[in-house]
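S.K.: Construct the complete structure from the given sequences, taking the supplied hints into account.
There are 2 protein chains.
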Amino acid sequence: MKDFTVTTGSICGSQKTYRSIPSYADIQVPFRKVALSTSDEEAVLLYDTSGAYTDHNAHISLENGLPSIREEWLKKRDFQSIPAAYPHQHSSVAYCPASYHIRQGKKGKHVTQLQYAQAGIVTEEMAYAAWRENLGHTQQEDDDLPLRGERVGPALPRIITPEFVREEIAAGRAILPANINHPELEPMVIGRNFLVKVNANIGNSAVTAGAAEEVEKMVWATRWGADTIMDLSTGKHIQNIRSWMLRNSPVPVGTVPIYEVLEKVGNDPLALNWEIFRDTLIEQAEQGVDYFTIHAGLRLKHIPLTSQRVTGIVSRGGSILARWCLDGHRENFLYEHFEDICAICQRYDVALSLGDGLRPGSIADANDAAQFAELETLGELTHKAWAAGCQVMIEGPGHVPMNLIRENVTKQEALCGEAPFYTLGPLTTDIAPGYDHITSGIGAAMIGWFGTAMLCYVTPKEHLGLPDRDDVKTGVITYKIAAHAADLAKGHPSAHYRDDALSRARFSFRWEDQFNLSLDPDTARAFHDETMPKEAHKTAHFCSMCGPKFCSMKISHDIREETQRLEGLEQKSEEFRQQGGGLYVETI
Amino acid sequence: MKDFTVTTGSICGSQKTYRSIPSYADIQVPFRKVALSTSDEEAVLLYDTSGAYTDHNAHISLENGLPSIREEWLKKRDFQSIPAAYPHQHSSVAYCPASYHIRQGKKGKHVTQLQYAQAGIVTEEMAYAAWRENLGHTQQEDDDLPLRGERVGPALPRIITPEFVREEIAAGRAILPANINHPELEPMVIGRNFLVKVNANIGNSAVTAGAAEEVEKMVWATRWGADTIMDLSTGKHIQNIRSWMLRNSPVPVGTVPIYEVLEKVGNDPLALNWEIFRDTLIEQAEQGVDYFTIHAGLRLKHIPLTSQRVTGIVSRGGSILARWCLDGHRENFLYEHFEDICAICQRYDVALSLGDGLRPGSIADANDAAQFAELETLGELTHKAWAAGCQVMIEGPGHVPMNLIRENVTKQEALCGEAPFYTLGPLTTDIAPGYDHITSGIGAAMIGWFGTAMLCYVTPKEHLGLPDRDDVKTGVITYKIAAHAADLAKGHPSAHYRDDALSRARFSFRWEDQFNLSLDPDTARAFHDETMPKEAHKTAHFCSMCGPKFCSMKISHDIREETQRLEGLEQKSEEFRQQGGGLYVETI
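First to last, the protein sequences are chains F and U.
Each step along the first sequence adds one to the number in our numbering, with nothing skipped, and position 537 is 576.
Each step along the second sequence adds one to the number in our numbering, with nothing skipped, and position 90 is 129.
You may find that some hints are simply not true.
As the list makes no split between identical chains, a pair holds if one copy fits it or if it spans any two.
Said to hold, decoys possible - Using 16 Å as the maximum straight-line C-alpha spacing, the simulated EDC-like pairs for lysine to aspartate or glutamate come out as follows: (1) K340 <-> E601; (2) K340 <-> D407; (3) K593 <-> D307; (4) K340 <-> E606; (5) K146 <-> D561.
Hints were generated in silico from the structure; no laboratory data involved.
Note that the structure is predicted; figures quoted are calculated from it, not measured.
M.R.: Dropping the structure here:
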C-alpha cells in the first residue's frame with residue numbers, strides 16, 4: 040500500500056477549527072471556518088465531516104489510522120477487551136496494520152447509546168453530536184423571532200443541547216451510530232429533529248476492483264460532506280479493504296453483510312445459511328462497522344406480491360434473500376434469527392438499518408402492496424430491536440412520483456414508531472438515466488423536509504455503471520443540496536445562516552466570499568472565471584451575465600441609496616408636517 | 040453568415056414522424072418515434088420540440104428559414120398585410136433574408152387565440168397543440184382505471200381534445216403563444232391542465248457576443264426539449280440576431296423588450312420613455328416575437344418594500360424600472376401605458392408574460408411584502424389584458440424554500456384568475472452556485488406539480504456567468520426532468536407511458552431501448568460504456584454495478600419464474616383439495 044494516497048488539505052477558502060463546548064472541556068468539535076473579506080461580518084462556521092484530512096496540522100498515515108478520539112471515553116465504560124474472533128483473510132490486499140483493541144460489551148451492562156440514553160446518561164458522543172448541530176452558535180440570533188421553516192411534526196429547539204440528543208435517542212427517534220470498535224469516529228446523530236444527513240455508497244464490484252481507489256473515495260466523499268459511508272463491496276478482499284476504511288474513516292461506516300456472506304458461499308444464494316451470516320456479523324462488528332443493513336423484513340409471504348410488478352425486486356439484498364426463501368419455500372432466516380442479530384449488535388453497539396428489500400424500482404411499482412407489507416414487518420422488527428437495546432433506523436425507497444412521497448413518511452412514522460427514516464432518493468421519474476442524481480435529488484429534498492433523517496445519495500451513474508471520483512462528488516454535492524433545502528424547509532435553527540451569509544456576499548459583490556461559502560468553491564470559482572478570468576473581475580461590481588451597465592444588483596444598490604435618501608426627505612417632511620406645515624403632497 | 044451551421048439529424052435512437060389527427064387531415068403533428076428491440080411492445084412516441092432540424096428529410100437553410108406551416112391557416116383569417124413600420128437596424132450582423140409577410144389584425148376583428156376561443160372557434164393551432172399533448176394516443180389504455188397522479192385542482196381529461204384546449208384558453212387558464220408573424224411556429228399550449236413546459240433563456244450580453252452561437256443555442260435547446268426560448272440579448276445587433284432566430288425557430292420566442300429599449304437609450308435607465316418602448320414593441324411584434332415580458336406590475340409604491348431585503352431587486356427589468364421610477368418619484372410608465380401595450384399585443388397576438396420585477400433573489404427574501412404586493416398588481420393587469428383580448432401569463436420566483444413554494448401558486452391562482460404561472464425555478468437554497476440547475480430543479484418540480492404551467496430553466500452557470508452549449512443542454516435536461524416529474528405527480532394522462540416503457544426495458548435488460556427512451560440517450564450510453572465498453576455487454580443480462588452473479592434484476596427474473604411455477608403448483612393443489620384431497624399444508 041505504498042502508493043496509497045488520499046486527498047488532504049483545506050477545502051478552498053476555509054480552515055479547520057475546533058471548538059470546545061460548555062461543560063465538556065475535553066471535547067473538541069470540528070468545523071470548517073470561512074473567513075469573510077468584510078469586517079462587517081464574522082467568520083462563518085460550517086458543519087464538517089471531513090476529519091483530519093482537511094486539517095493542515097494533522098499528520099495523516101493510513102497505516103496508523105486516524106487518532107482515536109473516543110478512546111478516553113470508551114475506556115471509562117464497562118467493556119471487556121477480547122481477541123479477534125476470526126483470523127484475518129488471506130488476500131493479496133494486506134490488512135490495515137493500525138493497532139486497536141477489540142472491545143465487547145459485558146452481558147447485562149449498558150453498551151449502546153440507546154441504553155445509555157434510556158438510563159438518563161448523556162454520553163460524550165451525544166454532547167459532541169449536539170454541538171456539531173449548532174454550527175458554533177451558542178445561542179440563536181433573534182431569539183424572539185419565530186424560527187423560519189415549516190415543521191412537519193413538533194417544533195425544533197433553538198439550540199440542540201446534549202440533553203435533547205439524549206431524549207431523542209431514548210425515544211428511538213434518533214440514532215448515534217458509533218461501534219465501540221470504531222474509536223476514530225467523530226460522533227454524529229441521525230434523526231428527524233436534526234440536520235438531514237447524507238450517506239455515500241462506495242465499494243468495488245466483481246467487475247471493477249481496487250482497494251486504494253475505494254479508500255480514497257471514502258476520504259473524497261467525506262471531504263464534500265458525506266455524513267456516513269456505506270461499503271457495498273461485492274468482490275474479493277472485502278474484509279481487508281474494509282480494515283483500511285474503518286481505521287481511516289472519521290464518519291460512521293455501514294455495510295450490507297449479506298454481500299460478504301454471499302461471496303463466502305461462492306455467490307450462490309441458495310447456499311446462504313445463518314451460521315456464516317452470524318460469523319460475518321461478529322467479524323464486521325469487531326472491525327468496527329457502525330451500522331448493518333439487514334433485510335429481515337422481507338418475508339416469504341411478501342414475495343408473490345411482487346409478481347405483477349414492472350421491475351420486480353431491485354434491491355440486491357432483497358433479491359438474494361427472496362431467491363433463498365423461494366427455494367424450499369422457507370421463511371427468511373434473517374427474520375427468524377432477528378433476536379440473535381440484535382444480541383450481536385447490542386454487544387458492539389452496531390446500529391441496525393432495516394433494509395427495504397422490496398422497495399419499488401420504477402414509478403409504476405411505487406407504494407404498492409409488496410413495499411408496504413414489508414414496511415409493516417419492519418415496524419414489528421423495530422420494536423424488537425428496541426427491546427434488545429439496539430439502535431435502529433429504517434430504509435426507504437426508491438422510485439416514487441412526487442405525489443406519493445409523503446405517504447411513505449407517514450406510514451413509516453406510524454408503523455416504525457418514528458425511528459429514523461433513511462431513504463434512497465427517491466427518484467421522481469424513470470426517464471433520465473445519466474441524471475438520476477437529479478431525478479432523485481428532487482425526491483430526496485422533499486422526503487427530507489417531510490421527516491426523513493438521512494438520504495442515501497444517488498450518482499449520475501445509477502442504473503448504468505459504477506461511480507468514479509467525479510460521480511461521487513456530484514452525488515454528494517447534489518445530496519447536500521437536497522439535505523440543506525430540507526433543513527431550511529423544516530426550520531432547523533442553524534440552516535439559514537449559510538444562505539444568508541452567501542446572499543449578502545452576492546449582493547455586495549464579494550465574489551470570493553460567495554465562492555468560499557458555497558458547497559463547492561472550486562466549481563463556483565471555475566465557472567465564474569470561464570467568462571471573467573481576470574483577477575480584477577473578482578472584485579468587480581458586475582458579472583458576465585449582464586455586464587457592467589446592466590447589473591440588477593448594481594442598480595439595486597443605487598436604488599437602496601436613493602430610497603434611503605427619500606426616506607430621509609420623507610422623515611424631514613413628516614417633521615415639517617407635524618410642526619404644522621401644509622405643503623407636503625403624499626407621493627408614495 | 041456562411042459558416043453559420045446548426046445541429047441537425049435525428050436524436051439518437053429515434054426518428055421524426057408525423058401524425059395526422061381526426062377531422063384535421065392537413066395538420067401533421069410531429070413526434071419522435073423510438074422503435075423498440077422487442078416485438079412485444081409498440082414503438083413509443085415522444086413529444087418533440089426540435090422542429091425540422093431532426094427530420095432527415097428536411098432541407099435546412101437558415102437564410103430561407105423554416106417552412107411556414109401556419110401560412111394556410113393564417114391566410115384564411117381576417118388580417119391585413121402591412122409594410123415594416125421601422126427600417127432594419129444597420130449592423131455588422133446582417134438581417135435574416137428569409138421573406139415573410141408582415142401581418143396585422145384589423146380593428147374590431149378577432150386576432151388572438153383568446154378571442155377565437157371566446158368566440159367558440161377552435162383554431163388549427165388549438166387542434167395541433169391538443170394532439171401533441173396526447174403523444175399519439177387516441178385513447179388511453181386502461182380507461183377504467185383511475186388516472187395516476189394527484190391533481191392539485193380539477194381532474195384532467197383522459198384525452199386532450201381541441202375543444203378542451205379552446206375551453207382552457209377561453210377561460211384564461213391557458214395560452215397558445217403564436218404571433219401571426221411567426222408562421223413557422225409549431226403550436227403548443229401552456230396551462231396548468233397540460234404538460235408542464237420548459238423555457239430556455241439564451242442571448243448574448245455586453246461582455247460576450249456572437250450571433251451564430253446564439254441561433255445554434257436555440258436549435259440546440261429545442262433539440263433537447265425546450266418548449267419555448269427567450270432571447271435575452273442585451274448587447275449590440277439585438278434586432279438582427281433576433282431576425283435569424285425567429286425565421287428559424289419552431290418554438291415560441293419570448294423577449295424582454297426593455298433590454299432592447301435600454302440599449303437604444305445608451306444604457307441609461309433614466310433615459311427610458313414610453314415612445315421608444317412602444318416603437319420597440321411594434322418592431323418586435325412585426326418580427327414575430329410570440330411573447331413579451333413586461334414589468335408593468337412594479338409600482339413606485341412597492342419599491343420601499345425592498346429596502347430591508349438581503350438581495351434587493353434582482354430582476355434586471357425590475358431594477359431598471361425601479362431606478363427610473365425613483366428618479367423623479369414617478370409611476371412606472373409600463374403600468375400607466377398598460378392598455379396601450381395590450382392594444383399593440385392584441386393586433387399581432389403577442390402573449391403577455393407579466394414580469395415579476397420584485398421576485399426574491401435569496402431565501403431570506405422569499406414570499407415577502409414586496410413580492411406579493413407586485414403579484415397583486417399583476418392580478419389587476421391580468422384582468423385588463425383579458426379585457427383587451429390578450430393572452431397573458433404570470434411570471435414567478437426565484438429563490439423560495441420548499442415550505443413556501445405552495446403559497447406562491449395559491450396566491451397566484453387567486454390573484455390572477457388562474458392565468459398560467461411561469462416560474463424561474465424556484466431555487467430552494469442559495470448555497471450552491473455552480474449547481475443551481477439542481478437547487479432550482481427541486482423547486483421547479485414541486486411548483487410544477489402544484490400547478491405551474493411553464494418552468495424557466497436555470498443552468499449551472501446561474502449567478503456566475505453565461506451558459507455555454509453544455510450548460511444549455513444540462514439546464515434543459517434538468518428542467519425536462521422537473522417538468523416530467525410534475526406531469527407524473529399531477530396525473531397528466533400521457534405522462535407515465537415513457538417511464539413504464541423505459542422501466543420494462545430496464546427489467547428486460549434491453550439496454551439500447553433503455554438508452555433510446557431516456558431524455559439524453561448519448562449520455563446514458565456513454566456512462567454505461569465507460570465500465571462495460573464491449574458490444575456484447577449491450578445485450579448482457581447484468582451491468583457493472585453488481586456484476587453477473589449479483590444482479591438483482593437477474594435474480595428477480597429467476598424469482599418470477601419460480602413464483603409462477605409455485606403458483607402453478609398451488610393451483611394444482613387447490614384442484615386437488617377441491618377434489619377432496621386432505622394432505623395439503625398451507626405454506627404461503
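S.K.: Taking the hints in turn, state whether each one holds.
M.R.: The hints, checked one at a time:
no. : hint          : in the structure
1   : K340 <-> E601 : between (72 Å within a copy, 14 Å between copies)
2   : K340 <-> D407 : within (15 Å within a copy, 53 Å between copies)
3   : K593 <-> D307 : between (66 Å within a copy, 13 Å between copies)
4   : K340 <-> E606 : between (73 Å within a copy, 13 Å between copies)
5   : K146 <-> D561 : neither (51 Å within a copy, 58 Å between copies)
Going down the numbered hints, you'll see the structure goes against just number 5.
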